[in-house]
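Could you build the full structure based on these sequences and the hints that come with them?
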Amino acid sequence: MRHLIAFRGHAPPAVEAAVGIFTAAVLVAVWELAARTGWVAPQFLPSPSRVVQALWRMTTAEGLLWHAAISTLRVWVAFLLAAAMAIPIGILMSSYRVIGAALEPTIDFIRYLPVPALVPLSIIWFGVGENTKIFLLWLGTFFQLVLLVADDMRRVPHEYVEIAFTLGAKPRRVLTDVALRAMGPSLVDNLRITLGWCWTYLIIAEIVAADSGLGFVIWSARRYVKTPEVMAGVVAIGVIGLVTDQLLRILHRRMFRYL
Amino acid sequence: MGADYLEFDRVTKSFGDVPVVQETSLAIEPNSLVVFLGPSGCGKTTMMRMIGGLDMPSSGVIRLEGVSVAGPGRRTGMVFQSYSSFPWLTVAGNIDFGMRYRDDLTAAERRDRVKHYLKLIGLEDFAETYPNRISGGMRQRLAIARTLAAGSPVLLMDEPFGALDALTREKLQVELRQIQMREAKTIIFVTHDVEEAVFLADRIIMLSSRPAAVVADMNVAGILGRSRPLAIRESEVFFKLRNEVLHVVRREAEEER
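As given, the protein sequences belong to chains G and V, one line each in that order. Residues in the first sequence are numbered from 1 upward in steps of one, following this note's numbering. Residues in the second sequence are numbered from 1 upward in steps of one, following this note's numbering.
The hints are simulated quantities; they were obtained by calculation from the structure and are not laboratory data. Among the hints, erroneous ones may be present.
Facing chain G, from chain V, some residues (calculated, C-beta under 8 Å) [what the hints assert, rightly or not]:
#1 73
#2 74
#3 80
#4 86
#5 98
#6 130
Glycine residues also receive a C-beta, built at the ideal position from the N, C-alpha and C atoms.
Here it is, written out as structure tokens:
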């Protein structure tokens, strides 16, 4: 028992999992208790069991899955669009210093603009349809991702590039055979992290202008102070995020078995 | 080709305003192991990189077999100290990569050569293992095998054994010497380790601290012979030679101050 709490010590994976689940269970239990005893008003904090009930009702009778599917689709369309642009541009930026120097100041400027600040502008440009949502998500991810990709490329050890050159490779082959392979693991990691950010911007976009999606569900439930529904919507996003993240981690492990 | 197989013709190099290599003219024989020996940061790596076309001289020309070096290519293979092999390829895959840009070999010939060089470096049992699961010594052998498979006549080695423990290092030195003799390669080997230089070299080119200039040029093969069994390390000639080289190195360090 004692060695489990040694400073900078190790714990077996089973223990780590058990401790993690136990802590979460305790928090849920305290939450349930606080709600049941009326210690906090249910409009503010409905009990976990009521949230689960709401989640079940919304799934079976109120088309929550459809809203979730719409939201997921929006996230993926915008994310793939951002990635399809950011990967080649980011690679070019660190492969050719001039391109990097040309784009960096502009990208840095836009990168610091908070997405919500651009919502009005985007509605003026694109109306309140799908285009606005996709644009906002793209805006939030592309400018971050392009710099991350450029950095992944920059961190490819120069030795790998020089080895390829001294084996007779032309620059284009060095890029495809060596640089892309070398940056693969960190690129996939960065894509996974950026996909998470997409969800943040999605909710903003769906709250502002939408009649579908999880953000819309949460926002309309709030209007009638249906707190269990609001929380159920949030939980749904959390579950989708958790599942996606785990799937991408598995993909990462499969793609890069050599790590 | 004779003594002017590999030739430095009034070569200088500076990075911006900082001179790194003073005007140097040198001629190196084929099928020999030449060590560039000098203090850390003296410019010896830059001299080697210029042979590989990875850095270009600020003035002067480097010629290999009479043709000036205009950029990196398969004539000069590199073996680095770290990041010496590709982690995403297996051991066999790394050796095969050495031949990736050769269109004069059939698939069958490539397979045969992979097998041949796996055997040469004693890694047959690790063919399908990834480089991060083999030892540092094995990784350096792998890098050597890759350049051999590529068929580069000149091997450029930048302190390739610098990160290895003493025993592994000694073993690889013996192996490298054997490989050099068997494969008749010209090897340019950069190090700051005097023992390593004397044990490996046919010829030691000793460099001053930056900007590098040749301060001594020693024909080691003429004294120790070309074959280097490990026992030679304990012989009196070896000690004498090592001390002699050490004196030059110390004298250089003194003048530095």
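* Quick one, is the residue 130 of chain V hint okay against chain G at 8 Å, beta carbons? -> holds (4 Å)
* Was the hint right that residue 74 of chain V lines chain G, CB cutoff 8 Å? -> holds (4 Å)
* Asked: Can residue 73 of chain V be said to touch chain G, with a Cβ gap under 8 Å?
  -> Hint holds; residue 73 of chain V Cβ to chain G Cβ min 6 Å, cut 8 Å.
* To do: Please verify that hint: residue 98 of chain V, Cβ, nearest Cβ of chain G, below 8 Å or not.
  => holds (6 Å)
* Asked: Holds or violated: is the Cβ of residue 80 of chain V closer than 8 Å to a Cβ in chain G?
  -> The hint holds - residue 80 of chain V has a Cβ within 8 Å of chain G, the shortest such distance being about 5 Å.
* So, residue 86 of chain V near chain G? Judge it on the closest CB pair being under 8 Å. => Hint on residue 86 of chain V: holds, closest Cβ of chain G at ~6 Å, below 8 Å.
The structure fails none of the hints (numbered hints given earlier).
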